[in-house]
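J.: So the chains spell out like this:
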Amino acid sequence: DGGITQSPKYLFRKEGQNVTLSCEQNLNHDAMYWYRQDPGQGLRLIYYSQIVNDFQKGDIAEGYSVSREKKESFPLTVTSAQKNPTAFYLCASSIAGVRKETQYFGPGTRLLVL
Amino acid sequence: SQQGEEDPQALSIQEGENATMNCSYKTSINNLQWYRQNSGRGLVHLILIRSNEREKHSGRLRVTLDTSKKSSSLLITASRAADTASYFCATDGAGGTSYGKLTFGQGTILTVHP
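Top line first, the protein sequences correspond to chains A and B.
Number 6 in my numbering belongs to position 2 of the first sequence; there are no gaps in the numbering.
Number 40 in my numbering belongs to position 35 of the second sequence; there are no gaps in the numbering.
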């Protein structure tokens with residue numbers, strides 16, 4: 005059963021704390037993406053990775069960090085430098101190539117600040 | 006700022022009616038995609054239309070693309086209560102340097118009343 009999984013479904017962060025959101029895919033996709041969605045808004049790209057051990061900043065990378073040590077995994081860390089982290093975070097993946105086209109999304113993680 | 010702007014922001018119709026959503030964008034594109042999001046869930050790909058196509062059908066979905074006006078529309082015919090969701094357009098920029106980065110609009114919230 006192929007797909008993208010994200011965990012946890014809900015995550016609570018205390019002031020000054022770093023938290024890590026998990027994203028795993030078994031679709032054998034080379035490219036993976038992290039988006040942030042605020043209420044009533046579209047998706048904004050945080051980071052993306054086209055291949056293992058390589059990743060690029062998206063439009064709103066400040067306060068976030070990622071790693072891509074395995075093809076299947078692309079964890080996102082929300083650091084204490086991100087002052088407004090409350091949002092819905094979506095991970096996606098797609099086939100490699102210049103025209104990657106369709107993206108497949110995970111179910112999302114909702115991050116709340118205590 | 007977002008590449009895509011969607012109109013209307015919210016649409017409320019009765020079951021059986023048709024629903025039309027519009028998307029405008031600013032720069033040249035390789036393709037335009039439509040995605041659906043149920044409340045609190047990930048996005049699901051609906052349909053992709055390439056820049057050299059004018060119309061595409063998939064089941065009850067009809068998408069048109071007018072590159073001269075930089076706009077697209079999504080028509081859902083014979084709507085059902087289960088079509089209630091947010092619908093997003095996403096553009097994949099032309100020029101070969103976008104590396105599959107999609108830019109999402111802010112979405113249209115569709116409510117279909119039984």
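Keep in mind that the hints were calculated from the coordinates and are not lab data.
Be careful, since some hints might not be right.
What the hints assert, rightly or not - Below are the DSSO-like pairs computed for lysine-lysine, each with C-alpha atoms no more than 27 Å apart in a straight line:
1. B:K61 x B:K74
2. A:K75 x A:K61
3. B:K74 x A:K74
4. B:K106 x A:K75
5. B:K106 x A:K87
6. B:K61 x B:K31
7. B:K31 x B:K106
8. B:K31 x A:K61
9. B:K106 x A:K13
10. A:K61 x B:K106
11. A:K87 x A:K13
J.: Hint by hint, note whether the structure agrees.
T.: Here is how each hint holds up against the structure:
no., hint, verdict
1, B:K61 x B:K74, "17 Å, holds"
2, A:K75 x A:K61, "18 Å, holds"
3, B:K74 x A:K74, "42 Å, violated"
4, B:K106 x A:K75, "18 Å, holds"
5, B:K106 x A:K87, "25 Å, holds"
6, B:K61 x B:K31, "21 Å, holds"
7, B:K31 x B:K106, "15 Å, holds"
8, B:K31 x A:K61, "22 Å, holds"
9, B:K106 x A:K13, "25 Å, holds"
10, A:K61 x B:K106, "11 Å, holds"
11, A:K87 x A:K13, "21 Å, holds"
Consistency note: the structure conflicts with earlier hint 3 alone.
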